[in-house]
Amino acid sequence: DGGITQSPKYLFRKEGQNVTLSCEQNLNHDAMYWYRQDPGQGLRLIYYSQIVNDFQKGDIAEGYSVSREKKESFPLTVTSAQKNPTAFYLCASTVTSESYEQYFGPGTRLTVT
Amino acid sequence: AQSVTQLDSQVPVFEEAPVELRCNYSSSVSVYLFWYVQYPNQGLQLLLKYLSGSTLVKGINGFEAEFNKSQTSFHLRKPSVHISDTAEYFCAVSPGGYQKVTFGTGTKLQVIP
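So the protein sequences, as listed, match chains A and B.
Plus 712 on top of the position in the first sequence (first one is 1) and you've got our numbering.
Plus 2 on top of the position in the second sequence (first one is 1) and you've got our numbering.
Please keep in mind that the hints were generated in silico from the structure rather than gathered at the bench.
Treat the hints loosely; a few may be bogus.
[What the hints assert, rightly or not] Computed list of lysine-lysine pairs in DSSO-like fashion (alpha-carbon distance at most 30 angstroms, straight line): (1) A/K721 / A/K783; (2) A/K782 / B/K102; (3) A/K795 / B/K110; (4) A/K721 / A/K769; (5) A/K769 / A/K795; (6) B/K71 / A/K783; (7) B/K102 / B/K71; (8) B/K110 / A/K783; (9) A/K769 / A/K783; (10) B/K71 / B/K60; (11) B/K110 / B/K51; (12) A/K721 / A/K782; (13) B/K60 / A/K769; (14) B/K60 / B/K102; (15) B/K110 / B/K71; (16) B/K51 / A/K721; (17) A/K795 / B/K71; (18) A/K769 / A/K782; (19) A/K769 / A/K726; (20) A/K721 / A/K795; (21) A/K726 / A/K795; (22) B/K71 / A/K721; (23) B/K102 / A/K721; (24) A/K795 / B/K60.
Since we're looking at a predicted model, the values are computed, not measured.
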């Protein structure tokens, strides 16, 4: 079955450590996105990538980094510079031919203590 | 620039009663409109979308929405809710293509038995 996988589902880290969240898709979508979700704030865009080896900052990119070396993979690194990293992180990809809807992965809940 | 407003953060409704979740948007260009549903600790799933054509859009699980250009609204409705509809609902707008999708802050629908 085609879809987006995110691993792990739950992630715990100590403050000051970098952590990388995985996002893989087998939908053959060109564009991929990372969102952060906090209670009452909806989804906020961190980074997005329209093609391999290219990506753009979203609204809250500070303290995060990404790479897009392969079409199917778009990992997100939460660095120690991110002041409040505890959140639910969602990866998505976009069908653009006619529908423009986004497909979402199941999310990773990151807790930093 | 575009924005989405979901005025109601929580909506309690009795089972089998009708419900309307409100969404208003603003944009300087034509946009595509979406409603997504999120169950606890899961990713988002598309309920319905408006791209063009008929302003009344039908989606999954018996939901429908009406696009009103003059009022810049895209309210979500269901004539009779079920316990299983308890979830958080997000309205979203996009100019299309690979451009940024803007999400509302979400409305939690609580269906009361």
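Holds or violated: A/K721 with A/K783, Cα cutoff 30 angstroms? holds (22 angstroms)
Given the hinted pair B/K71 and B/K60, is their Cα-Cα distance within 30 angstroms? holds (17 angstroms)
Sort out whether A/K795 lies within 30 angstroms of A/K769, counting only the CA atoms. holds (17 angstroms)
Are the Cα atoms of B/K71 and A/K783 separated by 30 angstroms or less? violated (37 angstroms)
Straight-line alpha-carbon gap A/K782 to B/K102, limit 30 angstroms: Within the cut-off at roughly 21 angstroms; holds.
Given pair status - A/K783, B/K110, alpha carbons within 30 angstroms: violated (34 angstroms)
Hint check: B/K102 vs A/K721, CA-CA at most 30 angstroms. Holds or violated? holds (25 angstroms)
Would the pair B/K51 and A/K721 pass a check requiring their Cα atoms to be no farther apart than 30 angstroms? Roughly 28 angstroms separates the two Cα atoms, so the pair holds.
What's the verdict on A/K721 and A/K769, does the C-alpha distance respect the 30 angstroms limit or exceed it? Holds: A/K721 and A/K769 sit about 24 angstroms apart, inside 30 angstroms.
Decide if the proposed pair is consistent with the structure: B/K110 and B/K71, CA atoms, cutoff 30 angstroms inclusive. holds (25 angstroms)
Has the given pair, B/K110 with B/K51, been kept, meaning a C-alpha gap of at most 30 angstroms? holds (19 angstroms)
Assess, step by step, whether the Cα of A/K769 is no farther than 30 angstroms from the Cα of A/K783, and give holds or violated. The given pair, whose Cα atoms are some 18 angstroms apart, holds under the 30 angstroms limit.
Checked against the numbered hints given earlier, the structure breaks hints 6, 8, 13, 17, 22 and 24 and satisfies all the rest.
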